[in-house]
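Please construct the entire structure, taking both the sequences and the accompanying hints into account.
These protein sequences, in sequence, are chains A and B. According to the working numbering, the first sequence is numbered sequentially starting from 1. According to the working numbering, the second sequence is numbered sequentially starting from 1.
Hint data in this document are derived by calculation from the structure and do not stem from the laboratory. In this text the structure is predicted, and so the values were computed from the model without any measurement. Wrong hints could be hidden among the right ones.
[Claimed, not checked] Here are the simulated lysine-lysine pairs, DSSO-like style, with alpha carbons at most 27 Å apart:
1) B:Lys87 to A:Lys81
2) A:Lys378 to B:Lys87
3) A:Lys378 to A:Lys81
[Stated by the list, open to error] What follows is a list of derived Cβ distance ranges for each label pair:
4) B:Asp93 to A:Gln403: 52 to 60 Å
5) A:Gln406 to B:Asp93: 56 to 64 Å
6) B:Val65 to A:Pro265: 52 to 60 Å
7) B:Met1 to A:Glu301: 42 to 50 Å
8) A:Ile47 to B:Arg85: 51 to 59 Å
9) A:Met56 to B:Arg85: 33 to 41 Å
10) B:Val65 to A:Gln281: 46 to 54 Å
All C-beta atoms in this analysis are idealised placements derived from N, C-alpha and C, irrespective of residue type, glycine included.
The lines below spell out each chain.
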Amino acid sequence: MTTEVLLFIIVGGIAVAAAVMMLLSENAVHSALFLVINFACVAFLYIMLDAPFLAMIQIAVYAGAIMVLFLFVIMLLGAEKLQAPTRQFRWLAPLALALAGGFLLVTGLAITSGQISLTGPVTRAPMLRVVHAAPFAGTVDVYANGQPFAMGVSFGQATTFTSVPAGDYTVELRPEGSSTAALTTTITLPGDNSRAANTFTAIAYGGDASTAPQINLITDNQETVPARTTRITLFNAYTEAVNLVDFGSEGDPSDDRVVVNALQPGTLVELPPVSEDTSVQSWAFTPAAGGAAIFRMNNEEIYSVERETAQLLLLASESTFDDTVRPVALPLVTDAVSSFGGPHAIGELLFTRFMLPFQLIAVLLLAAMIGAIVLTHKEDFRPRRRDVRRRVMKPLAQAISDQVGQDVLRPDAEAPRLPEKQPEPAGD
Amino acid sequence: MVQTEAFIMLSAVLFILGAMGVLLRRNAILLFMSVELMLNASNLALVAFARHWNQMDGHLFVFFVIAVAAAEVAVGLALIVAIFRTKQSINIDELHQMEG
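Structure below.
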């Protein structure tokens, strides 16, 4: 039994025990505190389930804010203990137990004998992009299994990452607008059952005016990088093996440092994490066979270290006007993929696909706030005595005063009396 | 790695405990706390399935459930306070007015 399973059993046991104690304790304050324990255990389980952000929310919102509100109301009402419960539904308790037992039985059966395989996580569809680094191919359209994948990709460009089902793909590069393939190759995209990003880059490189370029499929490492660093992956799409050398300060041979030694054409190497204040302006490529630098990365606008990115640096051949090639380093900077369950990933989803529900929840919370205020607002509906007198309209009061011969609006006035009835005039 | 089944089973047990709390307890505040327990159990299932299917959507649903629970608690406790003010009791057996 692994440590994780042991932890699950312990924490899950505490959670269930706390829930049972919550139900059984007579004092409502104790119940609330047991519920806090239960919530803390569930937060721990969230961490085990790769949901650190939700664990944080669980502690802060549930165990913190909501339970404090509960405790506050219990204390405010003095409702810790209910006076002598009046049992009116005696048949409810056994019925509830029977229902609970039945539900547990059905759930257990459904889980243990269900058709869904819950024992292993499912695989994740891979993401693919195509990078054009072939100097003589011109602008191309990319087709995968005969379907258009990307149109009009020119030298040095990369398509965006596209999610495709795992499997074999026949990738064709066709000159733009043409229907005949300049190059056809087969790549295999495997599925992946880890929660890391599963991304691939197909690099078309090499070739000359007469021979077609070739395609290499590499696995990109897009996982989260350590804070304030960037991950630089170097791919050699040039014609010969190269060294990557950090020359340090200009004209000082003593601080030269070889970063990568003898990188063969068509191979890939991942550098150790580079911190954001590193300057790559002093870096240069030299032939592995020896000799002067063939390419210097001294253009600040192109070569820089951006934090929290995964950078693929391609050393490619670039065709010049007279159809010779010269080396050029192509940086392809992508944001590192947010880690599963982290605040970054939640935020990305929340502000893209879940924007509307997010807004609705915000409106709901606003409505709840207003509702709580309206419900607890103490409104005095009894009309005050002074208003009764005021409410008699002036002209009407005047008319009554004229009738009874005294002012009825004065507070100390006697109760109005009708004048003595006049005797009827004698009739004929 | 703990199997998803184990988490779903734990979630079912917690849900049932919450449901029993709703059925058996008579204190309105405890009733509310049992409802919170049930919501929590469903959240646990959502997070477990999110890990199982490698999809973050489950996490977002949990986020929304927590927000709805906060709204529900605010209004529910306000109701309880209002009821307590008029009836001087939060025993739900003493609150039914509309019986025939």
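Okay, the hints, checked on the actual structure:
no., hint, in the structure
1, B:Lys87 to A:Lys81, "holds (16 Å)"
2, A:Lys378 to B:Lys87, "holds (15 Å)"
3, A:Lys378 to A:Lys81, "holds (25 Å)"
4, B:Asp93 to A:Gln403: 52 to 60 Å, "holds (58 Å)"
5, A:Gln406 to B:Asp93: 56 to 64 Å, "holds (58 Å)"
6, B:Val65 to A:Pro265: 52 to 60 Å, "holds (54 Å)"
7, B:Met1 to A:Glu301: 42 to 50 Å, "holds (46 Å)"
8, A:Ile47 to B:Arg85: 51 to 59 Å, "violated (42 Å)"
9, A:Met56 to B:Arg85: 33 to 41 Å, "holds (36 Å)"
10, B:Val65 to A:Gln281: 46 to 54 Å, "holds (51 Å)"
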